[in-house]
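Peer 1: The chain contents come next:
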Amino acid sequence: MTDTTITETAVTLTIDGQPVEVAEGSTIHSACVEAGIETPTLCWAENLTPVNVCRVCVVELEGSRALVPSCSRQAEEGMVVQTGTPRVRHSRRMVLEFLGSGVDLSQADDLHHWMKAYGADPDRYGDEDHPVERVEEPVKVQDELYIRDYSKCVLCYKCVEACGDDAQHTFAIAVAGRGFDARISTEFDVTLPDSACVYCGNCVGVCPTGALQFKTEYDLREVGEWRPEDQTVTRTVCSYCGVGCNLDLHVQDERIVKVTSPSDHSVTSGHLCIKGRFGWQYVHGE
Amino acid sequence: MTDIYLGADRATDAEAAAVDAALRSRGVDPVVRPETERLYTSGTARRRERRHFLLPALHALQNEAGWISPGGINYVAEVLDVPPAEAFGVATFYDLFRTEPPAHDGDTFHVCVDAACQIAGYDDLAASVRAAGGHVHLGPCLGQCERAPALFVQGAGGRPDHVPADDEPFELPQAGDESLRLLRRIGVADPESLESYLAHGGYRALRRAGEMGAEAVLEAVAASGLSGRGGAAFPTGVKWRAVAAETGRPKHVVANCDESEPGTFKDRIVMEQDPFAVIETMTIAGLATGAQNGWIYIRGEYPLATARLQGAIDAARAAGLLGKDAAGTGHDFDIAIWRGAGAYICGEETALFNSLEGFRGEPRNKPPFPTTHGLFGEPTAINNPETLLNVLDIILEGADAYRTRGTERSPGTKLLCLSGKVGRPGLYEVAFGTTLGDLLELAGGISGNGELQAVLMGGAAGSFVGPDSLGLPLTLEDTRAAGTTLGSGVVMAFDTSDDMTDVVVRIAEFFRNESCGQCVPCRVGAVRQHETLVQMQRRGSLSPARRALIDEMAEVMVDASICGLGHTAASAVRSALALGLIASAPSR
Chain A
1 MTDTTITETA VTLTIDGQPV EVAEGSTIHS ACVEAGIETP TLCWAENLTP
51 VNVCRVCVVE LEGSRALVPS CSRQAEEGMV VQTGTPRVRH SRRMVLEFLG
101 SGVDLSQADD LHHWMKAYGA DPDRYGDEDH PVERVEEPVK VQDELYIRDY
151 SKCVLCYKCV EACGDDAQHT FAIAVAGRGF DARISTEFDV TLPDSACVYC
201 GNCVGVCPTG ALQFKTEYDL REVGEWRPED QTVTRTVCSY CGVGCNLDLH
251 VQDERIVKVT SPSDHSVTSG HLCIKGRFGW QYVHGE
Chain B
1 MTDIYLGADR ATDAEAAAVD AALRSRGVDP VVRPETERLY TSGTARRRER
51 RHFLLPALHA LQNEAGWISP GGINYVAEVL DVPPAEAFGV ATFYDLFRTE
101 PPAHDGDTFH VCVDAACQIA GYDDLAASVR AAGGHVHLGP CLGQCERAPA
151 LFVQGAGGRP DHVPADDEPF ELPQAGDESL RLLRRIGVAD PESLESYLAH
201 GGYRALRRAG EMGAEAVLEA VAASGLSGRG GAAFPTGVKW RAVAAETGRP
251 KHVVANCDES EPGTFKDRIV MEQDPFAVIE TMTIAGLATG AQNGWIYIRG
301 EYPLATARLQ GAIDAARAAG LLGKDAAGTG HDFDIAIWRG AGAYICGEET
351 ALFNSLEGFR GEPRNKPPFP TTHGLFGEPT AINNPETLLN VLDIILEGAD
401 AYRTRGTERS PGTKLLCLSG KVGRPGLYEV AFGTTLGDLL ELAGGISGNG
451 ELQAVLMGGA AGSFVGPDSL GLPLTLEDTR AAGTTLGSGV VMAFDTSDDM
501 TDVVVRIAEF FRNESCGQCV PCRVGAVRQH ETLVQMQRRG SLSPARRALI
551 DEMAEVMVDA SICGLGHTAA SAVRSALALG LIASAPSR
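Chain order of the listed sequences is A and B. First residue of the first sequence: 1, per the working numbering; consecutive thereafter. First residue of the second sequence: 1, per the working numbering; consecutive thereafter.
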């Protein structure tokens, strides 16, 4: 048998005083994971290209004037990285605070722990006479499959990536407008049925804040019946075609309420098509 | 054939014809045609091979119909193979594009509301335009601060864009001054005549560079100590050397003519009055770096500069000074012009690349840097016109002679944009090391009530200094040591009658409006900073907690923003607070 081992070049860097060895091409973030250092992320996901826009994962890099985004910056030999300095903690706190001051993070469950850890206080901006500008838009309910609530959107670009180059190649949505007025939008904000959307739901799958949500989840939340603690998750294989996508069925009160796919699954990388994502009604005999 | 989903809206015949004409004229361009063919055959999914035609196509739609309609977007999407959602996302990024039907079918009169025009009374200008029936759009700096308040007329119905002040004869305040280097041809050589440029020494430097060879040019530029004149002051020799070292890939020279820093108009005057010098020095940059493609990205509000540069390119090409074996140097080089559409951020070099490529003008994370991953992801030397102009003397008289002007660490001369309350506002050239006070004297001293309150150095991204700084030598090192900056060369004076709170609140609003929105620190931070200052203005005071908050917001913008816009968005505000220009000032 021939030896098929590929020799990977390793680089060694120092994170918080501790030497860490990672494969060349790894990011500082993955080196942090390797070293057991927890790092907040928002716009990063393992199944998407890093866009490094949220800046919540910034770290201090010796020799760099500004902080650097750990999610996209490649680890280099000899780098000296700090993840817990006052500068790092300040920037992370302010990013979380800024987000909380501008959009509704009530369903951004992953962020709550970090906001507490960094002492983010989004309510300290403005006052009674001078309310701050927030993103406030009516929920877009345009079909029975998923809803869009952009008052919860943190502009992490994940949905745009999943709709575009990173998964679906449909390009139904993009960032439109500029600055604080920037929004995820179809062309001229046409409804999803009038757009290129193919309802794969991969945007819903990657949304970290509940801005994109299964209609089933939205409806249950509206009546106060969304109970994640009472839900079970059952892994199965999609029955529609022969590709073999893994599905995680989220079940509450013996009804499927949403479907996801594990992002580390070799077939899907977490992405599905309309049938696997939304086509479960037959299970309930509907 | 496209697999792109398009809605039912269709372009009018006039819209389709306008787009076709724009693409045709762009498509036959000597740089663009081969580049497009190359990109088409090597294109990746993200690049979408003809995507760089998006901006010219959107300009054509806007100019024809007065807005960019759903049918127009669909037409462009179809012919360029760009998803309509992305084309819409690009169209909505720019101030000069509208995606709602206009309430009028006339031209749009853009009136500047930034500092120089603010203290010159832009509201009177706006009122007079409105009284004459013109549709006014209040917007950011138009790069005409020496003739504030500024006006730019955006044509509709196929009418060209127009700046009324361009109809007035141009006068350089230092006309006749023998010491001028960068500005020596202005007012002397005819900017519309290649013969006149040649008669005043034009193209001697390129021919000389051809004799010297690329290596010797790189050495001379490095030895001269020339650094970028846009604000970052990066050594030009290092930049060019890095691009020259890249082999095996097509390379580009980009002239960053998107000058949009409030208070800055130097490159506009250089391009309008000495366009051949920009073309010649870009060609030298191409020779030195081994790049064959030249691109001029110019802000959309500069119609005269655009026309003069195009005229210069056409004349140079006809004379064999561009194209194959340009000027007999043995190097092939040609230049295409791309017009921006109203976005301060597109002056940031990587945002400029994205904009030119047909994407939203959002800055890229660095590294990698443009010298290896610039335009179309390829090695790129990007410089502004002022920086480029210095290369003429460096080639012609040598680095040593060049260094006799200025200081050891800031060699050469600097263009400075004098505006606000000075006797003779305009473009000045002085050797580095001239003091701020001497410069203000040269410009006729303080006008208005004659009592200097503050000077804004470097523009909205710069900082204020007080009257005690008149002895400050204008060099990179001295301004840095004094905690201020030369930035893009803005020197804007305010007298004691100017309401600095109004000025600073507007600077904060400028950043709020101009943030691209990509990263959180800048997108939200610029809004919260502006809100905090508006609150201060209404209350007439700033509580210690709010004062501390401004610093906290500034820190995250400086530390964690992607680009220079966020890094500098709090700079002027903080300097105004430190000088007591706002917050502690007595009520007026």
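Because the hints were derived from the structure by calculation, they are not lab data. Among the clues, some could well be false.
[Claimed, not checked] Looking from chain A toward chain B, a few residues come up when the C-beta cut is under 8 Å (computed):
hint, residue
1, 94
2, 171
3, 176
4, 186
5, 191
6, 194
7, 223
8, 224
9, 240
[Stated by the list, open to error] Covered stretches of chain A (in silico footprint by chain B; criterion: 3 or more residues with CB under 8 Å from a CB of chain B, positions within the stretch not fixed):
hint, segment
10, 15-29
11, 79-92
12, 99-108
13, 178-184
14, 272-286
Please read these numbers as outputs of a predicted model, since none were measured by experiment. We put the CB at the ideal spot given by N, CA and C, even for glycine.
Peer 1: Hints first: check each against the structure and report whether it holds.
Peer 2: For each hint, the structure was consulted:
Because the smallest distance between the Cβ of residue 94 (chain A) and any Cβ of chain B comes to about 4 Å, under 8 Å, the interface hint for this residue holds. The interface hint given for residue 171 (chain A) is met, as the beta carbon of that residue sits about 3 Å from the closest beta carbon of chain B, less than 8 Å. With a cut of 8 Å, the hint placing residue 176 (chain A) at the interface with chain B holds, because the nearest CB-to-CB distance is about 4 Å. Proximity of residue 186 (chain A) to chain B holds as hinted, the smallest CB-CB distance being about 5 Å (cut-off 8 Å).
A cut of 8 Å between beta carbons decides the hint on residue 191 (chain A): the least distance to chain B is about 10 Å, and the hint is violated. Residue-level restraint check for residue 194 (chain A) holds (minimum Cβ-Cβ distance to chain B is 6 Å; threshold 8 Å). Checking residue 223 (chain A) against chain B: minimum C-beta separation of about 33 Å lies over 8 Å; hint violated. Checking residue 224 (chain A) against chain B: minimum C-beta separation of about 31 Å lies over 8 Å; hint violated.
Interface hint at residue 240 (chain A): violated, since its Cβ lies 23 Å from the closest Cβ of chain B, which is beyond the 8 Å cut-off. Closer than 8 Å: that is the beta-carbon criterion, and the segment 15-29 of chain A has 0 residues meeting it against chain B, so the requirement of 3 is violated. Against chain B, the segment 79-92 of chain A contributes 3 residues with a C-beta closer than 8 Å to a partner C-beta. That satisfies the three-residue criterion, and the hint holds. For the segment 99-108 of chain A, the stated coverage by chain B is satisfied: 3 residues place a CB nearer than 8 Å to a CB of that chain, which reaches the threshold of 3.
For a cut-off of 8 Å, the count of residues in the segment 178-184 of chain A with a CB near a CB of chain B stands at 5, and the three-residue condition holds. By the rule of at least three residues with a Cβ nearer than 8 Å to a Cβ of chain B, the coverage given for the segment 272-286 of chain A is violated, with 0 such residues.
In this structure, the earlier hints numbered 5, 7, 8, 9, 10 and 14 are contradicted, and the remaining ones agree with it.
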